[in-house]
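Novice: Spelled out, the chains give:
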Amino acid sequence: MSEILADHKTTDPGDGLAALEARRSTAESFGIPLAVLAELTHRCPLQCPYCSNPVELDRAGSELSTEEWKKVLSELAEIGVLQIHFSGGEPTARKDLVELVRHASDVGLYSNLITSAVLLTREKLSALADAGLCHVQISFQGNEPIVADRVAGLEQSHQKKLEAARWTREVDLPLTVNAVMHRQNLHQLSDIIQMAVDLDADRLEVANVQYYGWALKNRAALMPTLAQIEETSRIVEEAQTRLKGILAIDYVVPDYYALRPKKCMGGWGRQFFNISPAGKVLPCHAAESITGLQFESVRSNHSIAWIWQNSEAFNRYRGTAWMPEPCKSCEFREIDFGGCRCQAFALTGDAGNTDPACTLSPKHEEIFRQAECEAAADNNRFIYRNFAGGTLETGGDDGA
Amino acid sequence: MAAPRNISVSETSRPVLPRHAKLKFDETRQVWVILAPERVLAPDAIAVEVLKLCDGVRSVGAMVDELAAKYAAPREAIATDVVAMLQDLADKGFLTQAREKTS
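Heads up: the sequence lines are chains A and B, in that order.
When you read off a place in the first sequence, starting at 1, and then add 21, the result is the number in my numbering.
When you read off a place in the second sequence, starting at 1, and then add 13, the result is the number in my numbering.
This is chain B alone, in the form it adopts within the complex (with noise of 0.2 Å):
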């Protein structure tokens, strides 16, 4: 029933923001930010190209995979930042692990 946490992020993950996490734009601010309890987080650019990827449907290669194609840089360089970042988010808290829903 819970969905695991302590997940370890590595190309195959399907990582998705937890339901107490909300990436949304703010157009007072103008700017996009994470609400979670007892917190309001600004996520860089490139954070938040990231997070709007991790629908829990794509894997973290398939992610990279665009990333790279996008920017036109090696998948090498982008893979590690990109499962470097990720998996300091899951360790926060603000990614979980995609999953078959019950309820």
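Extracted from the complex, chain A is given alone in its bound form (with noise of 0.2 Å):
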């Protein structure tokens, strides 16, 4: 295996840390995996209508045991994965996450905590920074009660956020706040920056909604309009000079309105991989959205490495001899890849097209329109992610 790393957001050079890809940027070679998303559970007591989880979850019957958990932490340390998101559903559901926090911690891998937040408790954090974790990521729907209950679809949800984040900061863990934004909460953006510095936040994701999976059911009750974004985009840049030293900001752009298709997942089975609470071994969390690829499971016979290597849902779109036109003549395929292959399976029935995120895509126009239009028709009422397959918010007022 050749080896490359990346920084996987943007680093600045000249500040003596380089990004480690810029080494070998030929895509047909891939390198050792860096991080691992591990959805220890689908359960989760929010309902967000975005949720990233696919439609079709998995049972708590079927997730992997507190063992099978550990055997994969020390696969991926020995591998040379350096990163463990520990993540879900609600990764705070499992019983066990003290211990599988301590188990990364033994193997050497830097743990971080992606969660709701709203079954923590302050003991729970405390026994969670003696187990070494490293780092704390606590979503928030709004800046306030009324917007961001309703978009979790639990009552005294972003309550119970606030007090754990102060918790996070008294037992001296790092703080990232994740804002997921979208049509029906952007205009709380300025007070969600604040509310980032007020709880000593070292770090806050301005994260548009990516539209796959639950968020693809619910598009046209989130999908922001075009002055949403522009508007998104001068206060994060406003924000970000002001706030240099005391927050970091990462913005993530909605892929409709890009020009260019994000790089997702750093490309392909390149850098990254997901773990599905029953042992799916994933190019992404949403790659099972995608029909006709087979994912190997960590409780097959095969090796995390194998599969990382060999299998042919990693492999199948690796590199760029997979591109058709316009992304194999494109000058970008290296930078982009063709973007996201869920985007591209979702929006036109091929994984391997180009992303109609891409200018460049003949489906880019038509995308770009769709978006405008169920932005400006406003059909707020979300549909709720649960287990049955989704529930249609109630309420006569159309959910506004």
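Simulated from the structure, these hints should not be mistaken for laboratory data.
C-beta: ideal position from N, C-alpha, C; glycine also.
Cβ pair distances, simulated, as ranges: (1) A:H323 with B:T25: 54 to 60 Å; (2) A:V273 with B:T25: 36 to 42 Å; (3) B:A75 with A:K92: 42 to 48 Å; (4) A:K92 with B:F38: 24 to 30 Å.
If you follow the hints, you should be able to join the two separate chains into one complex; please do so.
Specialist: Below you can see the structure in the form of structure tokens.
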């Protein structure tokens, strides 16, 4: 295996921190995975309509056991994975979370907890810190309970999150506030930025919803207007300058209004992968939405290293050889790798097509118009995420 | 309670990596890396050398003295480079100021 590492967000060159990927940039090679997203469970007390989990959720009975996860963590460290993101569903719904974090620390993994925080207590956070947890990321749905609790589909959730965020800092754990943004909460962005400062967060992710799975079902209720996106970019840029050294702000632009597609996952099967609650090894958390691909499990006879290097699903969209036009001859083909396979599949029916987020895709204009139309129609009712396949929001005011 | 961020690096600063940033040697790839949320960075050899001295005890001035002696280089030039590099790292959230532990 060749070695490719990267700063998978952006790094300013010239600060002594070189992005490792610059050493080898040919798309045909792939490296040792840098980080793994471990979806410990799909159970979650929240019902966010943009949940990144698949629409077909893994049931509790199919989840990997504590011993299975520990074996996975050991194997990941052995093959050179550096970071583990404990996610879900809601990872704190697992009773063995502290034990898994401790095991990750023991085998040398940098551990991050991605949580809704509503199940956390100060004692639990303290135990996680003692077990070696390196970082906590808490999602917020707004800056006040009326919007936030409605989006989360859970009363009192906003209040609980604020409390848990304060405890996180009290036990001296670093905090990222993850704010998932869409048409129905973008007007709160400035207040959310201030909330992150007040909570003493180190970092804020302003993440526009990505439209797969549950979010795709809810696209009409979530899609921002172009005017909102322009205002958002202005607010983020102003805050990034004003809060330099106080709060780091990462900004994820919504695909439908982009000109170039994102380098999704740093390229398919190049740096990251995902393990589902039932143990499937996936190129990304949405990959199961692509029908026709077979995914291997950690419960199979294969090692994780074998799956990463040899499985058909990982190799299917690696490199550039699979690309059709306009990607094939595009000068950006090794920069964005044609964008996101899951989005290409969702919007064109073929995961091998150019991601329609790209202006060079024949579908780009169509999805841009569609986004504008859906945003203008302003149909605000959510389909809440649950194990029953979703529940339409009730209420006579169209949810607004 | 909170660590002072937004620090201004001078020769009297005693910088240290914050809890969310870990400097470690990656045995698999045989390189030094800084691990931070959502980021893996590869500091160059000079940055590694300086970062290893950032223990929250040494002052920047002491670090400059050590480096100037080690490389038999003019102290002034080293001080300028080191302060600029550390300030940049601090602005990006990879360095904080040492403080008294309260919990």
